[in-house]
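A.B. asks: Listed below, chain by chain, are the residues.
Protein chains: 2
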Amino acid sequence: MEWKKNAVGRLVPLEIDGKQLKPFEGAYADQGGGRQTGARICAAASYRDKMLKSIDEAIDACKIQDGMTIGFHHHLRNGDILINLVMEKLAARGLKDLVLAPSALFPTHEKLVSYIEQGVISHIEGSMNGPVGRACSLGKMKKTAVLRSHGGRYRAIQDGDLKIDVAFIAAPCADSHGNANGLHGPSACGPLGFALADSLWAERVVVVTDHLVPFPCFPWSIEGGHVDFVVTVDTLGDPSQIISGTTRITRSPTRLLIADYAAQFVRDSGIMTDENFSFQAGAGGVSLAFVKYMGEMMREKGVIADFVRGGSTQYMVDLLENGLTRFILDGQSFDLDGVRSLRENPNHIETNPFVSYNYHTKGCFANRVKVSVLGATEIDLDFNVNVNTHSDGWLLHGIGGFTDAADAQVTIITAPLVRNRVPIVVDSVTSVTAPGEMIDVLVTEYGVAINPRRLDLLDRLNKSAIPVLSIEELHNRALQMTGEPEKPQFTDRVVALIEFRDGTVIDVVRQLQTKS
Amino acid sequence: MEWKKNAVGRLVPLEIDGKQLKPFEGAYADQGGGRQTGARICAAASYRDKMLKSIDEAIDACKIQDGMTIGFHHHLRNGDILINLVMEKLAARGLKDLVLAPSALFPTHEKLVSYIEQGVISHIEGSMNGPVGRACSLGKMKKTAVLRSHGGRYRAIQDGDLKIDVAFIAAPCADSHGNANGLHGPSACGPLGFALADSLWAERVVVVTDHLVPFPCFPWSIEGGHVDFVVTVDTLGDPSQIISGTTRITRSPTRLLIADYAAQFVRDSGIMTDENFSFQAGAGGVSLAFVKYMGEMMREKGVIADFVRGGSTQYMVDLLENGLTRFILDGQSFDLDGVRSLRENPNHIETNPFVSYNYHTKGCFANRVKVSVLGATEIDLDFNVNVNTHSDGWLLHGIGGFTDAADAQVTIITAPLVRNRVPIVVDSVTSVTAPGEMIDVLVTEYGVAINPRRLDLLDRLNKSAIPVLSIEELHNRALQMTGEPEKPQFTDRVVALIEFRDGTVIDVVRQLQTKS
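Protein chains in written order, with this note's numbering: chain S, 1 to 516; chain Y, 517 to 1032.
It should be emphasised that the hints constitute simulated quantities derived from the structure, not laboratory data.
Be aware that one or more of the hints could be misleading.
What the hints assert, rightly or not - Computed cross-link-like contacts, DSS-like style, restricted to lysine-lysine with a CA-CA straight-line distance of at most 27 Å: (1) S:K163 <-> Y:K679; (2) Y:K886 <-> S:K53; (3) Y:K1003 <-> Y:K886; (4) Y:K979 <-> S:K370.
Please build the complete structure, drawing on both the sequences and the hints.
C.D. replies: Here's what the structure looks like:
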């Protein structure tokens, strides 16, 4: 195996499982080139009746075989039952070596671990959560997993790096033509954009719905002209888990302080301007508090944002309904207010990874966002960020939209200095998800550190009350609290590639050396 | 040159200008196969600023060279000035042998004839109107023109048969990212769908607007992620001609009678049912009257359509606003009411040739339409229809959406038996645009003729008051009125191919032998 040191100093292989790999060369080094993959040319005359009676009929019709790649989206989040259902049926048929290509997985998908152990699933390309990530860390996958960001997944499908044979699209609302959206029905989940690339390029596309409506189902987030088959099922999942309700503002004083510092930073640094203001924040407790504080500061200063980027939450919806933003550009709904607003408010706009996050386009929305507030498991002295593994080496998270959203004009990482007696600010991250050149500010409960590449931001803070420290100071303070942490022990085996949004390899994850 | 007789009995060449051709084999014979063309892989980092100061800067930036193919759309109709403006600048640069690929041309584009004569334009792929069609009939184009339907043009671009080097997209409303729609601004024209394929596959895409709005311009009928450059101009055209105002109901008693017969046919044949009713009709005088009569009959019988298909007009909008249809699915707006309704009514939905008309998809809307009412220049004893040439041999019209819309479950041709002392029902059409197998009914002022393939429709008319005749009877009656018409004299040279929606050649147009 040949290795090369990439632009963040990590050794990465040039080939794995017979696939050529390109080392990461810098956040904006990739200049494109070549052609996208061409979808299958089909004839409309063969698609007059797409309705099938069951998932089994769809599996038959799609002629699923050993080794095929199966795509799923994650808009139903922890309420999804389709992935388990389909994989159970494929396992029961004795299929082997399937590649699972979900846009994300959740704790509810823990049973996939047994399919990995049985060889039904050879590996995962896309995203992994706790239990499945843990299996990957233990070396249970036959081949090397590939972690991609939401934009990176779209790019990989578009460019032909990830060839999906059959995509199953859980559709809360659909018609017999296959037009589908996530706005209506008992499983309403908001946007369906994570399934867009699957619909455009998968060889076979199956729309599965528990709410069939007369043609035309509109809006058609998924266009029927890309859909082979439509199947109705009794239910797509557990609505109470689809919109998880876990998206509550943190009550931790430490985390509230971090959110407050982040909002103050945006205000005091002059980013929160009358014109061209926009921001993105996720659904974690700190992010929600940040959105709330941001709203209060905007109201106080009379600032109206051009747009805010979801995942949408009630706090985002409040901004829209109170006139503090012109638009919500929403990639996924995290709570019921998000779904309702998307359905009812014409200025709450559904987006997808093509318009939002794809690097291989003629521009996407990511770098039009003025400030992006993101979490991390680790950040190091070079401002490199890890969101995939923990300091103990376990692979427990997907990339989500991290690397894409970090393309914002100012990217802020919010994190407590120490989490469970482990420092978050480290000398060198366990895995690099995003390069330090994309990260501008770290906000902790002890104050903010500005990336030395952004001295312009530092200058703007001279009238602010927020404590400003160097990242080295924060690192030292963390070490004073925890002592030098123990490093995890890995074997040589690479169990996962961390792919940057342009398709290059920014780091690898190695199998954990377990004591048992 | 090798020739072959195709499925409608026309001799067509197997190769022309070095391109291999496939003869038409039947409306639903094509089964697809192969892959679509892959768009260029671009890098977002190169698209941070797309704004250019002028059309000239855009021409420079796109590096337009001799022989390139330039795409345009026709939503601005006879009010468009962009095509003339761009071609004038390209001519002034001394460029030669350009291929013009407009989705349609109008009388305002007559000056293109001089660019054809000068060799600036080698030929046209797409659509031609009166003056440019006339030039084609006279053999003035260096290479063979290709006539395509709206769906056929999308298919050809998607499949790589028509490679557009640079697309100029006239956009009544756009932002600096290139997101664009036709809903707002002084040149508002309604949908922008005819430019969709250009945006997806052209090597370079230039959005030209006279109404730049702050990001995000929504809806984004054209997505900025596909756009290379954005140019602002003072005006895109003459608003009074964009929405032409020519879409008035006929006052001719003969034509009103035809429209009335067509509506009666739909009612009496039982097509106008409580469930699953839908129809499509164009913007001609007969079509408008048909829509009005249809509305009256629907109201009388308490029928509500699932949808009606535009081109939208005030008569379509009346149906929507009066609750007689759930939706308008609209490909282009023909009048101001259409534009206003599309902007204001969420059930007035913008469509494009992909969802509506493309044959090389997993199904499009065309065959979900219950009844389609279309005009023609000729129809023959086999029910083959000509919409391109007249009986005197002149090529004067594009295909428009004809061949696509003829995929409806029932396709009705409305035509007077005789026009300007020339029979419309002929023994054999001058050119075949659509095969008789797609045409179910001919409605004239003397009554209707049913295609013998549709005896089911004939049976349903036994209680109707509409006169039913055979097409031979109608033909004979026409001949009695006009005598046997003189046939045009052609040279051997093929000046245009008439392409069927699947990419096969259904007929050719030959150069006219002129007496002068």
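A.B. asks: Please go over all the hints and tell whether each is borne out by the structure.
C.D. replies: Results for each hint:
Restraint check for S:K163 and Y:K679: satisfied, since their Cα atoms lie roughly 25 Å apart, inside the 27 Å limit. Annotation: proposed proximity of Y:K886 to S:K53 holds, straight-line Cα distance about 25 Å (limit 27 Å). For the given pair, Y:K1003 sits about 36 Å from Y:K886 by alpha-carbon distance, which is inconsistent with the 27 Å threshold. The hinted pair formed by Y:K979 and S:K370 fails the criterion: a straight-line CA distance of about 69 Å is larger than 27 Å.
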